[in-house]
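Peer 1: As a plain string of letters, each chain reads:
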Amino acid sequence: MPVMLRSDQGFRVSLEVEIPSDVSYIESVVDLIRHPCAELAYGKHQLALNVPVALCEALSNAILRGNHEDPLKRVCVRADVDTTRLVVEISDEGVRFDLEADTREADEDGNLEREDGRGLFLMRKLMDGVERFDRSPGTATGNVVRLTLARA
Amino acid sequence: MTFAIKKQGEIVVVDVEGQLIVGNRQELKQRVLDELERGERKFLIDFAQTGYIDSSGLGVLVSLSKKIREQGGELRLANLNDDLKTLFELTKLDTLFQISDTRDRALSSF
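If you read the protein sequences in the order shown, they are chains S and A.
All residue numbers for the first sequence refer to this note's numbering, where the first residue is 1 and numbers rise by one.
All residue numbers for the second sequence refer to this note's numbering, where the first residue is 1 and numbers rise by one.
Extracted from the complex, chain S is given alone in its bound form (with noise of 0.2 Å):
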């Protein structure tokens, strides 16, 4: 059943999960975010291809380069859902990281026969924004990456 208008302008769908660092949740929590954005009549390719495929690289980064797996960091989500735009917070206690300097290019020397290293590409690729911040202003660790995309 339904529960709300697709068309409904000023509906807003916000979410707030905190998962251990453990990759076995990233699929749990992509159809988490994935569910109102399909509510909300985001578009086809959206839905299968750029949302899930960019929360899950920004997931796994969290899990597996900020918190290593340790059983006792958390990795908190917040996505805020809407009409106009999904926008989605993935917060980790690791380690700060450069997006520009760490994002490979697909087709640089290498890259290709490469195993890893195409999770920050991709996440740019299919997201209209991606961008990284200080989890806590003034301490040494911890990454937020905020990812946003307007609904098609």
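These aren't lab readings, by the way, just hints derived from the structure by calculation.
Hints should not be assumed to be uniformly reliable.
Calculated lysine to aspartate or glutamate pairs in the DMTMM-like style (CA-CA distance at most 20 Å, straight line) [said to hold, decoys possible]:
| id | chain 1 | residue 1 | chain 2 | residue 2 |
| --- | --- | --- | --- | --- |
| 1 | A | Lys6 | A | Glu40 |
| 2 | S | Lys125 | A | Asp94 |
| 3 | A | Lys7 | A | Glu17 |
| 4 | A | Lys85 | S | Asp134 |
| 5 | S | Lys125 | A | Asp82 |
| 6 | A | Lys92 | A | Asp104 |
Dock chain A against chain S, hints included.
Peer 2: Okay, now just chain A, sitting in the frame of chain S:
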């Protein structure tokens, strides 16, 4: 994700159902490597029932392709939907793999 492996002639065909992502890619990798170890050399992965693939899933395909080529074999792909095709194009991996629109075409291309 679940997957099924079966032989069609000399070709090992792998059907991937669901998502191929960081949390499950090692399972697929190990099963294909087990077949390679057993002497199989021709592999086809069919994505007709696949949802989305993340960079870890793509990485496993790249890794398997290299290992199979090193053993004188070949890995081919079939049945990518439009979104998976876009993913392979964005990452240029459409230039690394031989990709067929259908399973039959892929099987007859070996």
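Peer 1: Can you list which hints this structure breaks, lowest number first?
Peer 2: Structure breaks hints 4, 6.
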